[in-house]
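Please take these sequences and the hints and turn them into a complete structure.
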Amino acid sequence: MSNLINFTIDGKAVTAKKGETILTVARREGIYIPTMCYISKTTPCASCRMCVVEAEGVEGFVLSCNTPPTNGIAITTNTQALENERTNIMKLYDVNHPLECGVCDKSGECDLQNKTLEFNVSKQNFSARDQHRKIENWGLISYDPALCILCEKCVHVCNEVIGDDAIDLQFGGYKSKVIPKNSDTLDCTYCGECIAVCPVGALISTNFKYSANAWELTRVPATCAHCSGGCSLEYETRHTGISSKDNSIYRVKNNFEFSSLCGAGRFGFGFDNKTTKNPDAFARAFDAIVNAKAIRFSSMITNEEALLLQRLKESLGIKLYNEDARKYALFMEAYASISGKKHHSATLEAVKQADAVIVIGSMIATDNPAVRYAMTTAAKHNGAKIIYAHPIEDALMQNTITQFLKYEVGTEEGVLALIAKYLLADCELGSDEKAFFDALDDGYLSAESNIGEEELSLMMKSLMRTKNRVLVVGNDLIAHKEAKNIAKLVAVIEKYSDISVLVVPRDVNTLGVSLTCKLDCDDNSLENVVGYNEKGSFVIASLAGADLATPALNQQEGTFVSIDNRVIPTNAALAFDGYELHDLAKELGVGKQNTIDFTKELPQESGFKALEFDVLENFLAPLGEDVRGYMLDQVEVAMDGSLDELDALPEFNGTIIYNVNPVLQFNAYTNIASQLERDTTLRGSAQFGAAARISDGDQVEISFGDKTFVRTFKQEESLKGTVALNPTFDLEGNMESYRFQKSKIVRVNHE
Amino acid sequence: MSIEQFKNRNVSDDYFLVDIEDYPTDGWGKFKRVVKRTFQGELFVGLWVVLREMIKFDIHTVQYPKEKMPIGPRYRAVHEMKRLWESGTERCIGCGLCEKICISDCIRMETRIDENSRKEVSEYSINLGRCIFCGYCAEVCPELAITHGGRYENASEQRAHFVMYEDMLTPIDMLKAGQQQEFDGFGAITPHEDERVKKTPLAY
Chain A
1 MSNLINFTID GKAVTAKKGE TILTVARREG IYIPTMCYIS KTTPCASCRM CVVEAEGVEG
61 FVLSCNTPPT NGIAITTNTQ ALENERTNIM KLYDVNHPLE CGVCDKSGEC DLQNKTLEFN
121 VSKQNFSARD QHRKIENWGL ISYDPALCIL CEKCVHVCNE VIGDDAIDLQ FGGYKSKVIP
181 KNSDTLDCTY CGECIAVCPV GALISTNFKY SANAWELTRV PATCAHCSGG CSLEYETRHT
241 GISSKDNSIY RVKNNFEFSS LCGAGRFGFG FDNKTTKNPD AFARAFDAIV NAKAIRFSSM
301 ITNEEALLLQ RLKESLGIKL YNEDARKYAL FMEAYASISG KKHHSATLEA VKQADAVIVI
361 GSMIATDNPA VRYAMTTAAK HNGAKIIYAH PIEDALMQNT ITQFLKYEVG TEEGVLALIA
421 KYLLADCELG SDEKAFFDAL DDGYLSAESN IGEEELSLMM KSLMRTKNRV LVVGNDLIAH
481 KEAKNIAKLV AVIEKYSDIS VLVVPRDVNT LGVSLTCKLD CDDNSLENVV GYNEKGSFVI
541 ASLAGADLAT PALNQQEGTF VSIDNRVIPT NAALAFDGYE LHDLAKELGV GKQNTIDFTK
601 ELPQESGFKA LEFDVLENFL APLGEDVRGY MLDQVEVAMD GSLDELDALP EFNGTIIYNV
661 NPVLQFNAYT NIASQLERDT TLRGSAQFGA AARISDGDQV EISFGDKTFV RTFKQEESLK
721 GTVALNPTFD LEGNMESYRF QKSKIVRVNH E
Chain B
752 MSIEQFKNRN VSDDYFLVDI EDYPTDGWGK FKRVVKRTFQ GELFVGLWVV LREMIKFDIH
812 TVQYPKEKMP IGPRYRAVHE MKRLWESGTE RCIGCGLCEK ICISDCIRME TRIDENSRKE
872 VSEYSINLGR CIFCGYCAEV CPELAITHGG RYENASEQRA HFVMYEDMLT PIDMLKAGQQ
932 QEFDGFGAIT PHEDERVKKT PLAY
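In the order they appear, the protein sequences are chains A and B.
Here the first sequence is numbered in the working numbering, starting from 1 and rising by one per residue.
Here the second sequence is numbered in the working numbering, starting from 752 and rising by one per residue.
Think of the hints as simulated: they come from the structure by calculation, not from any bench.
One thing to keep in mind: the hints can contain errors.
Over the 10 Å line for every Cβ pair with chain A, so calculated as not near, a few chain B residues [said to hold, decoys possible]:
#1 766
#2 799
#3 821
#4 837
#5 929
Restricting the straight-line Cα-Cα distance to at most 30 Å, the calculated cross-link-like pairs of lysine-lysine (DSSO-like) are [to be verified]:
#6 851(B) to 245(A)
#7 495(A) to 380(A)
#8 106(A) to 851(B)
#9 851(B) to 123(A)
Source: prediction; values computed, not measured.
We put the beta carbon where it would ideally sit given N, CA and C, even for glycine.
See below:
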């Protein structure tokens, strides 16, 4: 009752919830208030003053973007005085703004252009002395201070949503400009979100600059094909050049008002596969599948193709290998055996709304930037406490996290048991669980995992009085030897407390594959394996060196299941002239007319709905609601699991590497995207270098398991500890195993 | 000329009514007309006019293609790309408006950023085989870079000749010689047009 505020805007009776501002209510009610600096996903910048309104009984104007309404107040949005005020602001914005709309990349989609025309500012009545302003090139991002209107959107987004906090405003009156924070050049994760939100052409993609105009580009709504975040994006395509009939992607845009995109999504779009039909290769592929014992495939696949492979498995009696998705499926199966629900309970939106987030077992900023952005939003907007448990400190998360729990490599199970014990200390537990926690040897676990009582008490203290709590579970737990028991622990935490759980899938559609296919354990014993975007004796892939070339994910239509358990459609941005998997399936008798005809046949026992692909929407509603695709139905399963007692925790000694990708890199596709930086060095601390007896710049041969490869060692100041980071995006073959590896590191002589 | 002069409906001496006989209505009348025309020798009047003009050597025929009529400034023939008078650089800034407005979709360009961080047009082509010479491109151009020229002869052995940017661009030596023709554009008056204006006979 007290949470609702009744007032009027332009005579219309409206109701605001607590926390809403006049502007958000007006937008919801469809009342237009012009703004220049407002962006829904951040706190109001309040720099443009365009959103002024009049409030009855209040002298002067009121900023609608950051003023909450009071009960009974009468707001007017469109008087002559307001119109004059806004026109004057526009006149000021236009002072000495370079008249280069003819060449400006923003022309046609420029807020300043639109508003200048809207307020009919046709001439400049006053001016300031012009000055030379140098165009800055910050790598993927260029900045032209002359075009900048200092709306501060970029600074707010960088700080409040992304968490890089890499740019700042240099105040100096007319000389003010955006500068890299505490650095000469821009040092950030290059998410490019600043480019997206820039209302004018000041911040621009260096690669896109002057290559095309906004109105020439065809926008193809799609879903990012790099991680499981399932971020919505639009590929913008146009003809490649004057003598080409083919299209190419010029840039990627997102609905920046409500969603964010990381740099890999924004700049890593050039991974399409070009080929022509090769009937010989097709015939060989057909023979290969008919004779194959198994098909090994990656999770970079649509649900439809995954279902197609499942049908192939059923009709040909072969095995299906996908270790990544199989491990995820096993984890979720164990989780479901306690929680009774097939799907994890949290979404990215829940993380954004949370006031406490516990992340465990993931280098989350590079594993899934969408989760990182959601956590940053929660931390900055709700003051959420972020507890980050991992053996390696992540410099990218420094601005966001409240407490870092550093545990020993391999002790995830013990750490989670300890955390669970503390979280569930005051809860009514079942007898089994109570017995389990009573039997825990806290001293041993603390000693082995290096998580002390004080740290856990501190964690509990900061979690006090928090209501919306989310536990984010990373790949280190899913790929762990004791994943089953870990999953059950996760489920126990969820079952007995109000904490919701988000299990982060590794690849784009790990989740979808785990729900669609019945996978077999891949022990590398079979010889005759067809690889689909994976290694095999015959390789069908959208990457170079394949025996049969197939379309990449931006040339396919279909659906993915995102981390939110949402089935989201993606569309083909570019044409593909060769064969696709479905053509093979047709020959093998399990095909339909189009791949997307499988969408409605996705298994309903996993929560899919029998919906046609064409009825799925792919956009965000005007007020930001995600209406893409549909949410998976929750599936109830039998609660027949119980916690196993903890075995001795494994110990990792010697030189340990952590297989994790650097910023902007995820997989073989980001590896071939031309704009993205490829840092293939083994990054480690000075301490690691000393332990492994290698120094900065050395060529080292790394071997673990059956893998051996050569890397250059790079010593990084920001890293600490005895674990080095090894990128995997450029490595062949499946890297689904536990990401910490005891490995042999030998210096190789320079030639 | 003032409007009063136009309002004067009195036909001047330049115009006269031609005396035309009534058409015959019956067979006899038609027969008489045939006989009259056959034996009057009117045929030789025409032959005489030709002979007379031939002897006078006062020939009005334009000796095309040796001789060409000046084309009106409004005429929209093959496009020209103009240069800046001062620097000689191309006027085109690559804004893409001509490409956008073209209703037969025959203009395409490629742009990029050059070493001076300016927008540079790296490729530009007009498919004259598709062009309907509507003139929108020249009208929309904010830099007066693309204009219509007076070259109306569109015959070539190869289609490729219809898209050559080099042919459209003012040669630099012509520019230096000050011979670049500005396009007077839409609504431009043909030179000396005033003198050729005549009264239209409206009163019959």
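**Asked** Does residue 380(A) lie within 30 Å of residue 495(A) when you go C-alpha to C-alpha?
**Response** holds (28 Å)
**Prompt:** Should the label of residue 799(B) as a non-interface residue stand, given a Cβ cut-off of 10 Å to chain A?
**Reply:** Given that every Cβ of chain A is farther than 10 Å from that of residue 799(B), nearest at about 61 Å, it holds.
**Request:** Compare the distance between the alpha carbons of residue 851(B) and residue 245(A) with 30 Å, and conclude whether the hinted pair is satisfied.
**Result:** holds (17 Å)
**Request:** Decide, holds or violated, for the assertion that all CB atoms of chain A are farther than 10 Å from the CB of residue 821(B).
**Result:** Residue 821(B) clear of chain A: closest Cβ-Cβ about 34 Å, beyond 10 Å.
**Item:** Proposed proximity, residue 851(B) with residue 106(A) (alpha carbon, max 30 Å)
**Value:** holds (16 Å)
**Message:** Using Cβ atoms and 10 Å as the threshold, tell me whether residue 929(B) really stays out of contact range of chain A.
**Reply:** Per Cβ check, residue 929(B) is outside 10 Å of chain A; nearest 27 Å; holds.
**Request:** Take the C-alpha atoms of residue 851(B) and residue 123(A), compute the straight-line distance between them, and say whether it is at most 30 Å.
**Result:** OK: residue 851(B) and residue 123(A) at ~26 Å, within 30 Å.
**Asked** For residue 837(B), which was marked as not at the interface, is the minimum beta-carbon distance to chain A over 10 Å?
**Response** holds (18 Å)
**Prompt:** Checking the smallest CB distance to chain A, is residue 766(B) really beyond 10 Å?
**Reply:** holds (52 Å)
Going through the hint list in order, the structure satisfies each hint without exception.
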